[in-house]
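Trainee: Chains as they are written, first to last, in this note's numbering: chain A, 1 to 177; chain B, 178 to 279.
Calculated from the structure, these hints are not laboratory results. Take these hints with a grain of salt, some might be off.
[Claimed, not checked] Within a straight-line C-alpha distance of at most 20 Å, the following computed SDA-like cross-link-like pairs (lysine to any residue) qualify:
| # | chain 1 | residue 1 | chain 2 | residue 2 |
| --- | --- | --- | --- | --- |
| 1 | A | Lys137 | B | Leu240 |
| 2 | A | Lys170 | B | Leu240 |
| 3 | B | Lys265 | B | Ala250 |
| 4 | A | Lys137 | A | Val54 |
| 5 | A | Lys146 | A | Ala136 |
| 6 | A | Lys87 | A | Ala22 |
| 7 | A | Lys137 | A | Leu148 |
| 8 | B | Lys265 | B | Ala253 |
| 9 | A | Lys170 | B | Arg278 |
| 10 | B | Lys233 | A | Leu142 |
| 11 | B | Lys265 | A | Ser135 |
| 12 | A | Lys137 | B | Val254 |
| 13 | A | Lys170 | B | Leu258 |
| 14 | A | Lys137 | A | Tyr50 |
| 15 | B | Lys265 | B | Arg278 |
| 16 | A | Lys170 | B | Arg266 |
| 17 | B | Lys265 | A | Val38 |
| 18 | A | Lys146 | A | Phe51 |
| 19 | B | Lys265 | B | Val254 |
| 20 | B | Lys233 | A | Leu143 |
| 21 | A | Lys170 | B | Arg264 |
| 22 | A | Lys146 | A | Ser135 |
| 23 | A | Lys87 | A | Ser23 |
| 24 | A | Lys146 | B | Asp236 |
| 25 | A | Lys146 | B | Phe242 |
| 26 | B | Lys233 | A | Phe45 |
| 27 | B | Lys233 | A | Arg141 |
| 28 | B | Lys265 | B | Thr275 |
| 29 | A | Lys146 | A | Thr133 |
| 30 | A | Lys137 | A | Phe51 |
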Amino acid sequence: MPDGLFLFFAALTLGAACMLVASRNAVTSAMGMILALVGVAADFFLLDAYFLGVLQVLVYAGAVMVLFLFIIMLLNTDDPEGAYPWKAAALGLAVFFLLGAGVLWLFHWSGAVASTPAGATPPELSDLPKVFTTSAKSFGRLLYTKYLLPLEIAGFLLLVALVGVVSLSKDSTEENA
Amino acid sequence: MEHTSLAHHLILAGLLFALGLTGVLVRRNLLVVYMCLELMLAAATLALVAFSRFNKTMDGAVLVFFVITVAAAEVAVGLALIVALFRKRGSVQSDALTTLRD
Numbered sequence: 001m002p003d004g005l006f007l008f009f010a011a012l013t014l015g016a017a018c019m020l021v022a023s024r025n026a027v028t029s030a031m032g033m034i035l036a037l038v039g040v041a042a043d044f045f046l047l048d049a050y051f052l053g054v055l056q057v058l059v060y061a062g063a064v065m066v067l068f069l070f071i072i073m074l075l076n077t078d079d080p081e082g083a084y085p086w087k088a089a090a091l092g093l094a095v096f097f098l099l100g101a102g103v104l105w106l107f108h109w110s111g112a113v114a115s116t117p118a119g120a121t122p123p124e125l126s127d128l129p130k131v132f133t134t135s136a137k138s139f140g141r142l143l144y145t146k147y148l149l150p151l152e153i154a155g156f157l158l159l160v161a162l163v164g165v166v167s168l169s170k171d172s173t174e175e176n177a
Numbered sequence: 178m179e180h181t182s183l184a185h186h187l188i189l190a191g192l193l194f195a196l197g198l199t200g201v202l203v204r205r206n207l208l209v210v211y212m213c214l215e216l217m218l219a220a221a222t223l224a225l226v227a228f229s230r231f232n233k234t235m236d237g238a239v240l241v242f243f244v245i246t247v248a249a250a251e252v253a254v255g256l257a258l259i260v261a262l263f264r265k266r267g268s269v270q271s272d273a274l275t276t277l278r279d
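Chain A on its own, in the form it takes in the complex (with noise of 0.2 Å):
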């Protein structure tokens, strides 16, 4: 049985995404997104990736979000009104239905993932130096060393989708003019 905070925050995270898919309100769907996003982050705390959580709340919930939500207060995107889309409904639960049932089987009663409790090292690994550290200074490191170009690209694809939004979002009609 896993512990209480685990299950609070999947339920939240769970939760909250089953909102994210099924409000027929834009808004109400990001609130979900938001509270998913927030679920997440605290199981990153609770996997000890202390950095990634702060990431994931700055980033996403914060900027991401807001990003989003900002969209959505600009464009009218509410759903067109009229009767429930039963269909729809039906077929989604159908779909979560089976590939739930796929996730249970594969993770839990397969038996393919190990129930190894954290920090336990399977026998084939224990061998490998391994270094697993939540401060933010190893992420540093590894960042600047060994993940160097991957870095750099990072950075330019920033970069590219910085000018690409810019010439997006430029009114097309300005050059007709």
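Chain A is already provided as a structure; the job is to place chain B on it using the hints.
Mentor: Frame of chain A; chain B shown alone:
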């Protein structure tokens, strides 16, 4: 942390991914579809962090760092595309976008 095993975190990540995929398949509002895509990314990062923690290496966690970076860039470009689409068509419902089909 003593009482959760790798399987618990993987089940949570898998169910979250299933919810996101359901939303992508079922919803018609492009913004909500986009949020469901982000939810699937978050589920994948959750699985990566769990593997990293239980395998006692940092590499999965560093990969999550890059996933968050790419997701931020992707959200910016995707939302700009959706806004441009809304300007042209006046709607973000995916049933309204049938030019290629007709």
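Trainee: Please verify whether Lys137/A and Val54/A have alpha carbons no more than 20 Å apart.
Mentor: holds, 14 Å
Trainee: Check the hint pairing Lys233/B with Leu143/A against an upper bound of 20 Å on the C-alpha distance.
Mentor: holds, 17 Å
Trainee: Is the hinted pair Lys146/A and Phe51/A satisfied, with a Cα-Cα distance of at most 20 Å?
Mentor: OK: Lys146/A and Phe51/A at ~19 Å, within 20 Å.
Trainee: Are the Cα atoms of Lys265/B and Val38/A separated by 20 Å or less?
Mentor: Given that 20 Å is the threshold and the Cα spacing comes to 35 Å, the pair is violated.
Trainee: Holds or violated: Lys137/A with Phe51/A, Cα cutoff 20 Å?
Mentor: holds, 10 Å
Trainee: Checking one constraint from the list: CA of Lys137/A to CA of Val254/B, max 20 Å. Satisfied?
Mentor: Violated, at about 31 Å.
Trainee: Can you confirm whether the C-alpha distance between Lys137/A and Leu240/B stays at or below 20 Å?
Mentor: holds, 16 Å
Trainee: Is it true that the CA of Lys233/B sits at most 20 Å from the CA of Leu142/A?
Mentor: holds, 15 Å
Trainee: Please verify whether Lys265/B and Arg278/B have alpha carbons no more than 20 Å apart.
Mentor: Holds - the C-alpha atoms of Arg278/B and Lys265/B are around 18 Å apart, at most 20 Å.
Trainee: Hey, Lys265/B versus Ser135/A, does the alpha-carbon distance stay inside 20 Å?
Mentor: violated, 48 Å
Trainee: Need the status of pair Lys87/A, Ser23/A: alpha-carbon distance at most 20 Å?
Mentor: holds, 15 Å
Trainee: For the pair we were handed, Lys146/A and Asp236/B, check the Cα-Cα distance against 20 Å.
Mentor: holds, 10 Å
Consistency with the previously given hints fails for numbers 2, 3, 9, 11, 12, 17, ordered from lowest to highest.
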